[in-house]
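S.K.: Residues per chain, in single letters:
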Amino acid sequence: DVKVTQSSRYLVKRTGEKVFLECVQDMDHENMFWYRQDPGLGLRLIYFSYDVKMKEKGDIPEGYSVSREKKERFSLILESASTNQTSMYLCASGYTEQFFGPGTRLTVL
Amino acid sequence: QKEVEQDPGPLSVPEGAIVSLNCTYSNSAFQYFMWYRQYSRKGPELLMYTYSSGNKEDGRFTAQVDKSSKYISLFIRDSQPSDSATYLCAINNSGNTPLVFGKGTRLSVIA
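Protein sequence lines, in the order shown, are assigned to chains L and F.
Quick note on the numbering used here: the first sequence kicks off at 1 and runs consecutively.
Quick note on the numbering used here: the second sequence kicks off at 110 and runs consecutively.
Just chain L, same shape as in the assembly:
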């Protein structure tokens, strides 16, 4: 059974803080993805990675960076959190089919 886990279910941070969101998958997938999901806007791709140390920008990369040091782990970094980054963050892994983690609901005050 594919498992994608995310480090936190709920997170509250202050404006200007550096925020790390971690994602781990146990299916040896090469491809991993970070999305944010907002009401009315659907899922939007932030960054993705097809291999260790590889990253590609998605549709909305501004204000975010990523790190992929190991195949199973893909981290999303908010360099300086802002209130407009309050959202549900979803990690996924897979090839043609993607499997999602439970999500992290981030609130930036």
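Don't read these hints as lab results, they were simulated from the structure.
Computed from a predicted structure; not experimentally measured.
Once the Cα atoms are required to be at most 27 Å apart in a straight line, the calculated DSSO-like pairs of lysine-lysine come out as:
#1 Lys57(L) <-> Lys3(L)
#2 Lys151(F) <-> Lys57(L)
#3 Lys151(F) <-> Lys71(L)
#4 Lys3(L) <-> Lys53(L)
#5 Lys55(L) <-> Lys151(F)
#6 Lys55(L) <-> Lys212(F)
Just a few of them, taken from the derived set where beta-carbon distance is under 10 Å, the chain L residues facing chain F:
#7 Leu41
#8 Asp59
#9 Cys91
#10 Gln98
#11 Phe99
#12 Pro102
Which stretches of chain F does chain L cover? Using the computed rule of at least three CB atoms under 8 Å from a CB of chain L, they are:
#13 154 to 162
#14 208 to 219
Note that the Cβ used here is the ideal one computed from N, Cα and C, for glycine as well.
Assemble chain F onto chain L, guided by the hints.
M.R.: Then chain F, alone, in the frame of chain L:
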């Protein structure tokens, strides 16, 4: 024109009804078609996966792809209150391209 269009609903049906959820897409190169179910405050879970045209059935769920019309459907038979969720269609043309998602249709099945 957006790559994938999906009616956001909400759609409300009585228990036992047949539900039809649909998406249209614009790029004829798309070959892989998926439906995800997302319960409130949870991550999406893969429900159905279809390659190219045709039908695929899994229990009460049937996924249908019509590539000539660029139209995909998910049918739910004998709908249950536990089917109440947001359903997202997702499409791509190869494993090395990101999925393109519809915005999701919110479904409520009333007991």
